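Chemist: Protein chains in written order, with the numbering used here: chain A, 47 to 404; chain B, 47 to 404.
Simulated from the structure, these hints should not be mistaken for laboratory data.
All copies of an identical chain are treated as equivalent in the list; a pair is satisfied when it fits inside any one copy or across any two copies.
Cross-link-like lysine-lysine pairs, in silico, DSS-like; alpha carbons within 25 angstroms at most:
1) Lys314 with Lys370
2) Lys289 with Lys234
3) Lys314 with Lys340
4) Lys289 with Lys367
5) Lys367 with Lys324
6) Lys52 with Lys99
7) Lys361 with Lys376
All values derive from a computational prediction rather than experimental measurement.
Protein chains: 2
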Amino acid sequence: MKDFYKTTIAPYAEQINEYFDSPDFYRLFSELNGEYLVQNYYNEFLLSLKGGKCIRAYLVNLFYRIALNSNSKKGLTLNENGATLQDLLIASAAFEVFEAAVLMHDDIIDRSDTRRSISSCHIRLGGGHVGLSRAICLGDAGILTATAMLDGLKFSPEALKKVQSFLKKIFLTTISGELADVDLSTQKNPSLSDILQMYTQKTAHYTMIGPCVTGAILAQASDDFLSDLSQAASNLGIAFQIKDDLMGIFSRQQTTGKSSLSDISEGKKTILTAYFDKLATNEQKKQFYSFYGKADVTEQQADLLRHMLELCGAKEQAEQKMNKLFILSKNIFDGIIANSKEKQELWDFCQYLNNRIK
Amino acid sequence: MKDFYKTTIAPYAEQINEYFDSPDFYRLFSELNGEYLVQNYYNEFLLSLKGGKCIRAYLVNLFYRIALNSNSKKGLTLNENGATLQDLLIASAAFEVFEAAVLMHDDIIDRSDTRRSISSCHIRLGGGHVGLSRAICLGDAGILTATAMLDGLKFSPEALKKVQSFLKKIFLTTISGELADVDLSTQKNPSLSDILQMYTQKTAHYTMIGPCVTGAILAQASDDFLSDLSQAASNLGIAFQIKDDLMGIFSRQQTTGKSSLSDISEGKKTILTAYFDKLATNEQKKQFYSFYGKADVTEQQADLLRHMLELCGAKEQAEQKMNKLFILSKNIFDGIIANSKEKQELWDFCQYLNNRIK
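Pulled out of the complex, with its shape left as it was, chain A reads as follows (with noise of 0.2 angstroms):
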C-alpha cells in the first residue's frame, strides 16, 4: 500500500511531465498564447509546471476508466469518437496547468517564497512589485491556457462542449473558495461551517469533484452518475484536506517537506483550530493563542499547542470527521461503481489518502 503513489500514480505523472516537455505542448502553448509570452516566459511556466504529484491529472484518467466500466453505454471504448490516450492525457494535463497557475497567484497572495522546493514564480520573476506583477500575469495566461487546452481534443461533442463548461465552473468555484480563505485569514475565530465552505469551494472542487466529473464526463457518463459522483467526490477532498491540516501540526518537517511549524507559526484558520475554538475554556484559549500565529513559535512551544489541541478532544474530533467522510465517500462510490479492477484501484487511492504522510 505505501507503494500506491509509486506504482500507480507516478508513471502517469511522468506521462504527463513528459507531454509538458514535449514540441506538441511547446505548439499548443504558443498558438493560444501571445508571442512576447512565449518567447519570454514559456520556459518559466514550464518550470511551474513540474514537480506537482499529478494526482489530479490521474484522476481524471481513472474515472474515465471507471465510467467506461458502469455507465449504461456498456462496450464504449476509448476511440469511439476518435479520442485517443493522448486526448485524455491533455484533457487532464489541463488541471496541473490550472493548478500551476493557480498557485502563482495563491504564493503572492500567501507570500510564499518557495514551492515544490524552488522558489515561487514570483520570486524566480524578480521579486518585489515587478515580480509580483509578472506572476500576476503568468497565471492570468495559465488559468486561460487550461480553460482552452481542452478545444478541439477528439471525444464525442456533447460530451467535450459539458466539459468546458463544468470545468470553467470548477475553476470559477476554485477561486471563490481561494476569496473565502483569504476572508478567513482576516477573521479571529471563523466558524467551522464557514471553514467546511471554504473546504468544499476551494479543494474539494479543484482537488476531486473537478477531475473526477471531467473523467466520467468524457466517457459519457449518465447525469445520475454524474450526481453521486460529484456527492462522493466532494466528502473525499474534503477528507482529504482535513488530512492535510492535521499532518499540517503534527507532521515532521522531514516527511512532508515543509516546516512543521509554518501552520502554527502563519496562524492559520483550520478545522483543527474551530474545533479548538469551541471546546477549549476561554483559559486555554488565551494560552493557545499566545503562541499559535506567532511568526517565531519554537518547536517547544508548537510542541505545546499540539498537545493542547490534543487534551480539549480537537485532534480527535478533526480525526472522526474526516473517517466519517472518508466512509460517506466510500459508501456512495460502492453504490454506482461496479465490482471491477478499476473499483479496487479507487479503494487503494483512498487508502493512500487516508494513510500518507506528505
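Place chain B on chain A using the hints.
Modeler: The following block gives chain B in isolation, referenced to the frame of chain A:
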C-alpha cells in the same frame, strides 16, 4: 461630429449598463461563479463594471451589422439561428467584463488608486495586501466569467465555437501585451519596435481586433474578410494608442479627467519617448530624463518637457505615424466593406477616435 459618442455609442453603452443591472446578468454570473464570491463580491464586481465607455461592446455590434451587409451570405439576419439582439448584447458585454477584470490586475500592477473616478478595486476591497489578494481573485473570476459568457448563445454553432476559441486567444494576447508592458517599464530606453509590438498585443488586440472580429464571426463573415478586417483593426488600434499617448502628455486635466502630469511623473515609456530617444541629442536627453519620471514634477517642468518633445520632432513623428495608420486602416476597410449606412458610421467612428480629446 463631436456628438458621435453621445448620439451613437452612448445609447448602446446604456443598454449594456442596463443589462449589468438586470436579474439576467445576476443569474448568469451566479450560475458560473462560486457561492461565496457571489454572495460577498457581486456588488463590488458590478461597481467595477460601471462607468466604462463601452467602445469595445459597441464595436462588436457595429461589425456584426457591417459583416451582415458585406459578407457573401447576403440576406442573413440576426435571427437565423435563433439569436436575438439580446444574444448580441451579451456577446459584446463579455468584452466589458474582461476589461473590468483585467483592469483590476492592471491597477495593482500600475499601483493606480483610482479608476473611472472611483477608488480602484484593490483599494475598495481594503487596500494593502488583503485588498490586493481579493482583487487578484476577483480579477481571475472576471476573466473566466468573460470567456464563459458566450456559452449557450443562439448563434450558429460553428460561429459560436469559432468565436469562443478566438476570444481566448485575444484575451491571452492582451495578457502577453500586459507582460511586455511590465517589462518595458523596467527598461531604460525600450526601442520603437518593442513599443509597437507591445501596443499591438496589449491595445490593438483587445480594443480593436477582438471586438471587430468577434462581431464579424458572429455574422458568419468569410475567413478572407476576417483576415483583412483583423489587419485594418490592428492599424486602427495602434493609432488609438498613439492618440492616447499624445493626450497623456499634451491634454489638459479638465478634458481627460486624469492628471495631465501622471504619464510624465510615472515616466511612462511610449512611442513619444521612443521617438525622442531617436531624435534628441545626448544633452537634450540628459535634461529631459532629469524631469521625466520625477514623482513631484511641476507644471512648469512638464511644459518644458512638452516643448522638448515638439522641438526635436518627436510629437510630429508620432502624429504622422498615427495618421498613416488611420489611413492604412481606412484603405483596407474601404476595400472590404460595401457602401452602406454602417460604412458611414464606421468613418464617423474613425473620425471620432482621431478627434477625441479624452
